[in-house]
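Chains as they are written, first to last, in the numbering used here: chain A, 718 to 1203; chain B, 15 to 352.
None of these hints come from the bench; they were simulated from the model.
Remember, it's a predicted structure, so these values are computed and weren't measured experimentally.
Please note: incorrect hints may appear among the correct ones.
Chain B stretches covered by chain A per the calculated footprint, using a threshold of three residues with CB under 8 Å from any CB of chain A [claimed, not checked]:
1. 90 to 103
2. 289 to 298
Facing chain B, according to a computed beta carbon distance under 8 Å, are these residues of chain A, among others [as the list claims (entries may be wrong)]:
3. Ile749
4. Pro766
5. Cys778
6. Ile862
7. Lys878
8. His881
9. Pro895
10. Leu1042
11. Phe1046
12. Gly1047
13. Gly1048
We treat Cβ as the ideally placed atom computed from N, Cα and C, and that holds for glycine.
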Amino acid sequence: MKTITVDPITRLEGHGKINIFLDDDGNVQKAIFQVPELRGFEAFAIGRPAEDMPQITSRICGVCPTAHHMAATKALDDLFKVTPPPAAKAIRELVNCAFMTEDHALHFYFLGGPDFVLGPSAPPEQRNILGVVGVVGKEIAGQVIDIRRRLRDLMALCAGKPIHPVFGLPGGVAKAIPESERTQIQQLGRDTVKFAQFSLDLFRKIVLGNKDLLELVTGDIYYNETNYMGLVDADNRLNLYDGDVRVVDPAGKERLKFKPQDYAKHIAEHVEEWTYVKFPYLRDVGWRGFVDGPDSGLYRVAPLARLNVADGMATPLAQAEYERLYETFGGKPVHHTLANHWARLIELLYAAERITELADLPELTSPDIRNLDFGIPSEGVGIVEAPRGTLIHHYKSDERGVLTGCNLIVATVGNSAAICMSIDRAAKKLIKNGNVNEGLLNMVEMAFRAYDPCLSCATHALPGEMPLAVEIIDSKGVIVQRLERR
Amino acid sequence: MIKQKPKVAFYWCASCGGCEETVVDLNAAILDVADAVDIVLWPVALDFKYHHIEALKDGDIAVSFINGAIRTNEQAHISKLLRQKSGLVVAFGSCAHTGGIPGLANLTSREEIFRTSFHESPTVVNASGTVPQEDSLADGMPVRLPAFWEEVHTLDQWIDVDYYIPGCPPPPALVLSAVTAILEGKLPEKGSVLAPAKALCDTCPRRKTKSENTKITKIHRPHEIIADPEICFLEQGIICCGPATRSGCGEVCINGNMPCTGCFGPPPGVIDQGAKLISAISSLFNAKTKEEAMEMARQVVDPAGTFHRYTVPSSLLGCRIHKKAAMPADGRMDREAA
Ligand code: SF4
Ligand code: SF4
Ligand code: SF4
């Protein structure tokens, strides 16, 4: 038996490792995705004052600290039994939208995009942001950097720090937005909408206009039939900041709809020995292993899941794009993992449109940003949609508001079982008779990249560097072949 | 002959990724940096065979920036390897520098972490009591996980560190000036923290409102009152770590109307940031008797997590191993020897 280890996999946030096990004929017996790290936030949160959680938990992930900050802050509202004033809600959602747009843009141009813009088997030294710049032009790259910078500046204005924000408090936010900033925010909103539309056009031209890529997106290498989970508003439209959790089954039918507080009634997690990450599944179905299809108990989160779960988008331009996506695939739900890249851009447009709406709200600049009318703290749940999917924070506290319990189901964990399945399927379809090459391995990596791996991307911002080692090891641990991607 | 550009490496240990993101936030300046150096590893990420790094000559990398704390044998191993291959090693960010927020895990135990995460969580269903193992079988196939240690360590508890860039994360401007100083060879003495030598209070926009003889009668948690955006937090009875925190962040939290939580670590001359903060803050207590002082002190809900928020592993509370403890070849920590 041979083992192929893809380690590190690149353009991924955090640490991860793919093992591909071949049988004696060189065909894939199984591929798994391991998370080799654990930091123990749930344990060391205990004993900390609840109000510290938005800042402490943002350190779970420096790529989506804002999402953790937001979920934690909402959990505090619930824990302290307090409703933030409208201005605070508007400011929080504005920051969330700014974060969502810049993060989605980062993914499209820096991480996932290169596979499409350059093609999945383009030479690795070209398959990066510089390669993208070569195709789309320097001016556009400048635009990406510029819009990202302006969005990050807006986040700094409202939230103190763009990485690890400091503005969330139970019942409100720490800082008001002065009226003098309004016109700038409105302008930024309009520019972000244009940027989103431009990005969607680019995607259409490059991906949908290319037969091979379209086939990859709509074909069966990257395809798993699962349940989907996401937040929806009262009209079942997609909402990134607030609402009820809705789950649709693999046929697209609503299976569950519940309040954040009831999450533990519906979601359970399974533990394996070979990874530090847990595998969530729907409690009513039970743990059935890494299986998809009509009986699957696994669910997926992230952009495509959110679109699958929602009946539509709450903003007009995004709604039109939403319809276009489902027309292309011939109905709902879409199970094609790579469609996440398209769904991500539709969300980018939605979040940008939301910025323009929020920027016009009279209450956005109200100084009334705090409600101090707290109840006795006891227990609270906060759920938001992080760029990478539904994010759940759950705290319990004593009556002083000191934590006695903490449970976190982070977005990528929501997808952990599905990532394993996607990699397994792609590996099985792509690697035959022991034949492995760099292009094929990148296509295996694309199976997880669609879920929006993140930061290692930075690698790709710079020339020629993408450390990836693939080793083919026999059962005695001897390396019989080594592929290197530099 | 073309002059060789200096080789630079980035590596992350137990990191949240924020330290890497702050490099992306250099925006356009990143292209200048990329022009001036040859980035050989970024993120070096984890390569079980480490052959990219091993293939380099000792000292071949001009400077390695390492962020994140050290929690697994693998992180310790890679840092040692990078030390060997690098002229300079810079601890990047508060996790590598002083332990950071993940270092709060040292206030609990490995066992507690596993119990909370894999047994007691309200969503976990684990009748068989499964927990992750270093060596295990996935469907009959052998796989390994890095060993998860009892404690979190700072980078300089494992390897010799030349310089430190503080902050959680360090702000882009500071990163740029540190990188420039390194490239131009304008470096202070070894072991220096590459940030201003003043305390945050000295540069804080609210410093004028901080009086010499402030006395506080009640400590307020940040959510309990609406803080006046102009007045010193300590004056308002809200704990602010400014008196024992190094400046250089641009007072971003203060400008966001939130108190400093101390992410830049101690200013020069202060060994234990938390101890210094405790003495700074207790001197403000308006207490005549010991009992009154104790009463005030009890109002601080979580002293360890408040005063040592980013420094538990490097503090006196800390982490029980000695600096640069001998590490066996397999990277496993010998607890007795340590
Ligand atoms: S110092 Fe802060 S930003 Fe950097 S890795 Fe640690 S937690 Fe993340
Ligand atoms: S204690 Fe805080 S608010 Fe007061 S001067 Fe120092 S840093 Fe500024
Ligand atoms: S104000 Fe304090 S906590 Fe905030 S960034 Fe500066 S040093 Fe860090």
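inquiry  = Quick check on His881 of chain A please, does its C-beta sit within 8 Å of some C-beta on chain B?
reply    = 6 Å, holds
query = Given Pro766 of chain A was flagged as interface, is its beta-carbon under 8 Å from a beta-carbon of chain B?
reply = Cβ of Pro766 of chain A sits 5 Å from chain B, so the hint holds.
Coverage of the segment 289 to 298 of chain B by chain A (three or more Cβ within 8 Å) = As far as the segment 289 to 298 of chain B goes, the hint is violated, because 0 residues have Cβ atoms under 8 Å from chain A.
inquiry  = Just to be careful: measuring from the Cβ of Leu1042 of chain A to every Cβ in chain B, is the smallest value less than 8 Å?
reply    = 29 Å, violated
ask   = Close enough to count: is the Cβ of Gly1047 of chain A nearer than 8 Å to one in chain B?
value = 35 Å, violated
query = Was the hint right that Lys878 of chain A lines chain B, CB cutoff 8 Å?
reply = 5 Å, holds
task = Closer than 8 Å between Cβ atoms is the bar; does Ile749 of chain A clear it against chain B? Give me holds or violated.
result = Nearest chain B Cβ about 5 Å off; hint holds.
key: Annotated coverage of the segment 90 to 103 of chain B by chain A, confirmed only when three residues or more have a Cβ within 8 Å   = violated (count 0)
ask   = Against chain B, with CB atoms and a cut of 8 Å, does the hint on Phe1046 of chain A hold up?
value = Cβ of Phe1046 of chain A sits 32 Å from chain B, so the hint is violated.
request  = Report holds or violated for the interface hint on Ile862 of chain A, using the least CB-CB distance to chain B and a cut-off of 8 Å.
outcome  = 5 Å, holds
ask   = Regarding the hint that Pro895 of chain A lies at the interface with chain B, is the smallest CB-CB distance below 8 Å?
value = 11 Å, violated
ask   = Does Cys778 of chain A meet its interface restraint, that is, does its C-beta lie within less than 8 Å of any C-beta in chain B?
value = 6 Å, holds
Figure legend: structure checked against the earlier numbered hints; hints not met, in rising order: 1, 2, 9, 10, 11, 12, 13.
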